[in-house]
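Going by full-length UniProt numbering, the sequence shown opens with residue 1, and the numbers climb by one from there.
Calculated directly from the structure, the hints in this document are not laboratory data. Fair warning: this is a prediction, and the values are worked out from it, not measured in the lab. Check the hints yourself; a few may be wrong.
Keeping only pairs whose Cα atoms sit at most 25 Å apart, straight-line, the calculated SDA-like set for lysine to any residue is [claimed, not checked]:
| hint | residue 1 | residue 2 |
| --- | --- | --- |
| 1 | Lys47 | Arg140 |
| 2 | Lys47 | Glu143 |
| 3 | Lys80 | Gln151 |
| 4 | Lys128 | Asp91 |
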Amino acid sequence: MMAKPSSSPYANTGRARKGKPTAKGKPGAGAGGGKLLEPEEVFYEGKPSWVEVVIPTVAILTVVGVIPWAGAVARQLWVKYKFTNRRIAVDSGFRGNDHTEVVYRDIEEVRFVRRFGGAAADMVLLLKDGARLELRSLDRFDELYEYVMGQVDEDTRQASNYTPKVADGEASA
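All chains should be built: construct the whole structure from the sequences, respecting the hints.
Here it is in structure tokens:
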């Protein structure tokens, strides 16, 4: 079955239409009524924990250990996490070409498991659309977990069974 040809002279040519823009009002004045957003602040930016490579490196003495070692080294080279006050971004894939971003309001639940004796942890973000984002081998996990839980809404904290940590020297109520 052949596709119906379009009557537009711009169809399938790669050319853009020229003319007046269709949006009304001043550029950048969107639904917020001209309010400016606060600048995005980076809380953490880094690679997966280096301890993820230790056990596979020891296991490389066996033939089976080569596969986990290659995966751990690839993550060290190609994965980068970025936590800001607006979103979580993950650059991954061959040479970091895959980019994934999640805004905090889309997170429904946060799960985690500690690895390597607590030196690192994996965090899984369950999103409201049913998708999952796995953040493997996070350094500074306790600090990152507290930050993420401070950014999400109360329903997400309850679904994640979150209990805030009491800082040293503070009395608990």
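Right, here's what the structure says about each hint:
Pair hint Lys47 plus Arg140 holds up; C-alpha atoms about 11 Å apart against a cutoff of 25 Å. Proximity of Lys47 to Glu143 is assessed by CA-CA distance (about 15 Å); at most 25 Å being required, the pair is judged to hold. The hinted pair formed by Lys80 and Gln151 meets the criterion: a straight-line CA distance of about 20 Å does not exceed 25 Å. Between Lys128 and Asp91, the direct Cα distance comes to roughly 21 Å. Compliance with the 25 Å bound is thereby established for this hinted pair.
In the structure shown, no violation is registered for any of the earlier numbered hints.
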